[in-house]
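**Student:** For reference, the chains in residue letters:
Protein chains: 2
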Amino acid sequence: MTTTREISRSRIFGGQQLRFAHRSSVLDCAMTFGVYLPPQAEYEAVPALYWLSGLTCTDENFVVKAGAQRLASELGLAIVCPDTSPRGTDLPGEHDDWDFGSGAGFYINATEAPWSAHYNMYDYVTRELPALVEAKLPLTDKRSVSGHSMGGHGALICALKDPQRYLSASAFAPICHPSESPWGIKAFSHYLGDDRNAWREWDATQLVSSVGTQLPILIDQGTADEFLGEELKPGNFEQACIGTHHPLEVRMQGGYDHSYYFIASFIDDHLRYHARALGLVVVQPNSGLQANTG
Amino acid sequence: MTTTREISRSRIFGGQQLRFAHRSSVLDCAMTFGVYLPPQAEYEAVPALYWLSGLTCTDENFVVKAGAQRLASELGLAIVCPDTSPRGTDLPGEHDDWDFGSGAGFYINATEAPWSAHYNMYDYVTRELPALVEAKLPLTDKRSVSGHSMGGHGALICALKDPQRYLSASAFAPICHPSESPWGIKAFSHYLGDDRNAWREWDATQLVSSVGTQLPILIDQGTADEFLGEELKPGNFEQACIGTHHPLEVRMQGGYDHSYYFIASFIDDHLRYHARALGLVVVQPNSGLQANTG
Numbered sequence: 002m003t004t005t006r007e008i009s010r011s012r013i014f015g016g017q018q019l020r021f022a023h024r025s026s027v028l029d030c031a032m033t034f035g036v037y038l039p040p041q042a043e044y045e046a047v048p049a050l051y052w053l054s055g056l057t058c059t060d061e062n063f064v065v066k067a068g069a070q071r072l073a074s075e076l077g078l079a080i081v082c083p084d085t086s087p088r089g090t091d092l093p094g095e096h097d098d099w100d101f102g103s104g105a106g107f108y109i110n111a112t113e114a115p116w117s118a119h120y121n122m123y124d125y126v127t128r129e130l131p132a133l134v135e136a137k138l139p140l141t142d143k144r145s146v147s148g149h150s151m152g153g154h155g156a157l158i159c160a161l162k163d164p165q166r167y168l169s170a171s172a173f174a175p176i177c178h179p180s181e182s183p184w185g186i187k188a189f190s191h192y193l194g195d196d197r198n199a200w201r202e203w204d205a206t207q208l209v210s211s212v213g214t215q216l217p218i219l220i221d222q223g224t225a226d227e228f229l230g231e232e233l234k235p236g237n238f239e240q241a242c243i244g245t246h247h248p249l250e251v252r253m254q255g256g257y258d259h260s261y262y263f264i265a266s267f268i269d270d271h272l273r274y275h276a277r278a279l280g281l282v283v284v285q286p287n288s289g290l291q292a293n294t295g
Numbered sequence: 002m003t004t005t006r007e008i009s010r011s012r013i014f015g016g017q018q019l020r021f022a023h024r025s026s027v028l029d030c031a032m033t034f035g036v037y038l039p040p041q042a043e044y045e046a047v048p049a050l051y052w053l054s055g056l057t058c059t060d061e062n063f064v065v066k067a068g069a070q071r072l073a074s075e076l077g078l079a080i081v082c083p084d085t086s087p088r089g090t091d092l093p094g095e096h097d098d099w100d101f102g103s104g105a106g107f108y109i110n111a112t113e114a115p116w117s118a119h120y121n122m123y124d125y126v127t128r129e130l131p132a133l134v135e136a137k138l139p140l141t142d143k144r145s146v147s148g149h150s151m152g153g154h155g156a157l158i159c160a161l162k163d164p165q166r167y168l169s170a171s172a173f174a175p176i177c178h179p180s181e182s183p184w185g186i187k188a189f190s191h192y193l194g195d196d197r198n199a200w201r202e203w204d205a206t207q208l209v210s211s212v213g214t215q216l217p218i219l220i221d222q223g224t225a226d227e228f229l230g231e232e233l234k235p236g237n238f239e240q241a242c243i244g245t246h247h248p249l250e251v252r253m254q255g256g257y258d259h260s261y262y263f264i265a266s267f268i269d270d271h272l273r274y275h276a277r278a279l280g281l282v283v284v285q286p287n288s289g290l291q292a293n294t295g
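For the protein sequence lines, the chains are A and B, in the order given.
Under my numbering, think of the first position of the first sequence as 2, with each following residue one higher.
Under my numbering, think of the first position of the second sequence as 2, with each following residue one higher.
So here's chain A without its partners, still in its complex pose (with noise of 0.2 Å):
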């Protein structure tokens, strides 16, 4: 903890924007990651969104582009950004291809060599840095999951696995069933082996038949995104759900694609659906959504 830089600091909205440098114990290796600090976190501790970024992204796409700031400063609403993977550390074929190795963790646990001594996202993400910025900074347990692509399918198993910790989930165009997808068979094969009984616990649309947990999930899907049929498959979900009796609402936003354009159009109502279930007050909500607080 002791070890923790901050790398800057500005001011947005009225509260921080934060970057940190640290060393991860779970990865082994150096990490950063963002946080924005609303105004109210200068007087009592705040509830926390994670946000899990895509492909090819590091810790700062979201914290430029989604324009999230204002909502959150308004809600009191902190948002923790990681990075995709780990980084510095220099595997065999790990920085050929943007769509595997850095900046492609895909937020599991790694168990093949020689990717399991560093790729262990779903532990950095849900365990080690929650722990890390609780301690540091103005921070309360109350979490919220959401992301974006990769980060999509992130945020859906995050609340799948261990729905205990987080009170809301979200995801704008998940990758929802990796284990049918060419990204997800890539990058699994690699990370878990070529076994796919071991992929079936970091795949959402085969883990939602096997927990029993009702966490509801939102999902926004642009109908113009390039990768919707190949490899977001929103549909193996939502039929997943439906035959388990899961909530979920899949909100097909038309003529949107991939982008962060995309992101930036519909953030203000995933804020508000996780300060809902937050706890936080939500002043002018423009979304009928309810998340289940319990």
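Some hints could be false.
Which copy is meant is left open, because identical chains are indistinguishable; a pair holds if it fits in one copy or across any two.
What the hints assert, rightly or not - Cross-link-like lysine-lysine pairs, in silico, DSS-like; alpha carbons within 30 Å at most: (1) Lys137 x Lys66; (2) Lys143 x Lys66; (3) Lys143 x Lys162.
Read the hints as simulated data drawn from the structure, not as lab findings.
Using the hints, position chain B against chain A.
**Tutor:** Coordinates of chain B only, in the frame set by chain A:
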């Protein structure tokens, strides 16, 4: 006009973020620019804010980082974002420094060789680009102008040199007195030569004393801006405005730096300020500022 090519189009907040490539005649090179069209532009021509970016930026920084599309879509305001210099030329030393040459056109018309063959950004942003977008896209000839840092300087000189073209003007952390700032002196020496009399018509603090126009100007400036004292000098401009009774409001924003986090925090105030001047309905004003619409 017929050679203007659409590079990309993404839906955002119900409108469209567009990017174009074209060949500029006044710059004699290929250029790119961005246009945000709000949803209202599907049915009628809308007024436009011209945004001039700062040193090292392209036409994309504001589009991606400022978060302006959310309120622009409510107001029915288009936003036109030119690049910051000619591109694709290879003049001697043009790409050596981040604060001069490419990415640093300073929105003036150069008179010195070899710059004068291309570096005519003033004519580009005030004449050629408006004529192009108003002919090609559903934009009216009602215009406002704003910008950041070098682009804030650009917005000030556009408003002071040709106030009939704009209904309102504002700036974020503008270089107010380039003849007395290291950035300005370096650029003006190369683009305009060593005779400082030729600099006067491109220096807002000097211009304001010699023009008879009274287009009100709004400036936001962060107090933690690392360039405030040496490069920006808003006090010099304020003194000149007081001397000539030019309407000006300078808001010193406590703790904000020079980054896009600062711009994002206050862009909504500026959009409402311009929208009022442009005759748009501003449903939820949060500022008492009134621009002169005459």
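**Student:** So, for every hint listed, does it hold in this structure?
**Tutor:** Checked hints:
1. Lys137 x Lys66: both (26 Å within a copy, 28 Å between copies)
2. Lys143 x Lys66: both (25 Å within a copy, 29 Å between copies)
3. Lys143 x Lys162: within (17 Å within a copy, 55 Å between copies)
Violated hints for the displayed structure: none, as all numbered hints are satisfied.
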